[in-house]
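K.L.:
Residue numbers (the numbering used here), protein chains in the order written: chain P, 12 to 232; chain D, 42 to 293.
Estimated spans, in silico, between C-beta atoms of each pair:
| no. | chain 1 | residue 1 | chain 2 | residue 2 | range |
| --- | --- | --- | --- | --- | --- |
| 1 | P | Phe166 | D | Lys112 | 53 to 59 Å |
| 2 | P | Ile217 | D | Gln113 | 39 to 45 Å |
| 3 | D | Ala280 | P | Lys198 | 30 to 36 Å |
| 4 | P | Ile31 | D | Ala280 | 55 to 61 Å |
| 5 | P | Val213 | D | Phe147 | 37 to 43 Å |
| 6 | D | Lys112 | P | Gly27 | 32 to 38 Å |
| 7 | D | Asp264 | P | Val213 | 55 to 61 Å |
| 8 | P | Val213 | D | Glu138 | 32 to 38 Å |
| 9 | D | Leu109 | P | Phe38 | 52 to 58 Å |
| 10 | D | Ser281 | P | Trp14 | 52 to 58 Å |
Quick caveat, the hints were computed from the structure, so don't treat them as lab data.
Every residue gets a Cβ at the ideal spot worked out from N, C-alpha and C, and that includes glycine.
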Amino acid sequence: MYWKETMRQMEDIGIGSLIIVALISIFMGAVAAVQFSYQLDGTLVPQYYIGYIVRDLAIIESAPTITCLVLAGKVGSNLAAELGTMRQKEHIDAMELMGVNTAAYLILPKLIAAVVMIPLLVTISAYVAIIGGYLATVPTGALSSDDYERGLRAFFQPRNVTMMYVKAVVFSFILTTVPIFQGYYVKGGNIELGKASTNAVVFSNILILLSDYLIAVLLTG
Amino acid sequence: MIRAENIIKLFGEQEVLKGVSMEFLPGKTNLIIGRSGAGKTVFLKILVGLMEPTDGKVWYDNVDFFSLNKKQVREIRLKVGMLFQGSALFDSMKVIENVRFPLDMFANMTLAEKNQRVDWCLERVGLNGAHEKYPSELSGGMQKRVGIARAIVMEPKYLFCDEPNSGLDPRTALLIDELIQDITYDYKMTTIINTHDMNSVMEIGDNIAYLHEGRLVWQGSKDQVLSSDNELLQGFIFASPFLQRLRAAALK
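Take the sequences, apply the hints, and build the full model.
P.N.:
Written out as C-alpha cells, the structure reads:
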C-alpha cells in the first residue's frame, strides 16, 4: 500500500475540490430556499417548511448527486488526462518495466482517496447548502431565523443521512473507476486522449444518474 | 544472455514479425536495425515483456519469460533497465527523485545510501549538479542521460534502449552511444538497442541484427557491414548517394 501517494491524492481530490464544492453548495442551498419561498408564498404550507425542504433536498439529492456530478467533471477528467498522458509518454510502461505494480501504485491510491474524501466533501456540501439557504432567506427577511431553524429540525429521518453516504460512496467509486479505466487504457494520440477525457466525464455522469435512481428506488421502497 | 526463438506477432491479419530468432550476448552492444515498419519496436516490446508474442519464446538466460508467473516476472524486471525513446522521465519529479524512483520502490536502503547511489549514477552519466532540476528544465541529451542513470541505478543485468539518439544532434548522439557502450562493457550487461541511426551502427554495433518486413535478414558486427553483400542491408545503411560513394571509397 502506497500511503504517501494516497495522501497526495487525498489532498488533490479533497482539498483541491473544497472551494468549488463550497461555492456550488452555497448557491444550491440559496436557490432552493428562494425558489421554495416563492412557491410557498400565499399557500397554507407553513413558511418554516423552507428549512425542512432545503435540509432534505441537500441531504438526499443535491449534496451527493450534484456534488459528484461536478466532481466527475473536475476530478474525473483530471484522472483520465493524468493517466492517459502517463500512458502516452511511456511512464506506465517504464514503471511496469521497473517491476512496479502500476495498478497498486497508480490506481489504488486514487480510488481509496476518492472513496474517503468525496463522502467528506458531500458532508461539507450538505452543511454549506443549508447555510446557503439560511443566508438567502433570513437576512433578506423572507423567513425568521427561528422558523428556518424549526424547519431544519422538523421531520428529520436519520436514514436520509445513510442514503446520502451510500450515494456518496457509490458515486465516488463510479467517478474514479470510469476515468481511471478511460485514461489507463487510452491508445493513440492527443485526439484519443481528449476523447477519453470526455468519455470519462460523460459515462461517469450517466452512471451516477442511473445509480442515483436505483439507490432511490432501493432505499426508499 | 537473451534469446528470441521463432517470434511471430500478428495484429489481426497483419503479420508484423514472421518467425524472428536471434541471440543477444552479454557484455556486447546488440543493435536491432531496420526501416520504419520493419517490426523493431514490436520486437523490442516483446523482448522486454511489454507485449506478448503470438507464437515463439523469449529466454532470459535459461528462463522462458512468458511461462513465468507475475512474481517471477517482477524478479526478472528488477534486473532490467530501459531507456525509452522519449526518456519517460516523470515530469512532477526532480532529477534526483526520478533516478531514485526504482530504489524507493524496491531497494532496502536508507535514504542516505540511496542518494549516494543516485550521486554515483548521475556522475557516471556526467550530470553532476542536475539533482534538483525538473525534466522540463533539461535538454533532450540531458534527459536521455538522466534516463540512462535511472536505467542503471538498480545495477541491471539487461539494458534496453529504444531509439536512444532520436531527436539529438550528431555530437550528443555520439556521446550517448559512447556512454551506453562504456556502461555495457564495464558492467558486462546484455544491452539491446533499437535504432536506425547509422552512426550508432558503425560506432558501437558489436552485434547487429537487420530486420526487414518482419524477418531477420542479416546479422553480424559493424566490421562486417561494409563488406556484406546483402543488398537489403546495403540499400538500408548506404541509402544516400553520398554514403554509397563513401562505402565504395572505404572498400577500395
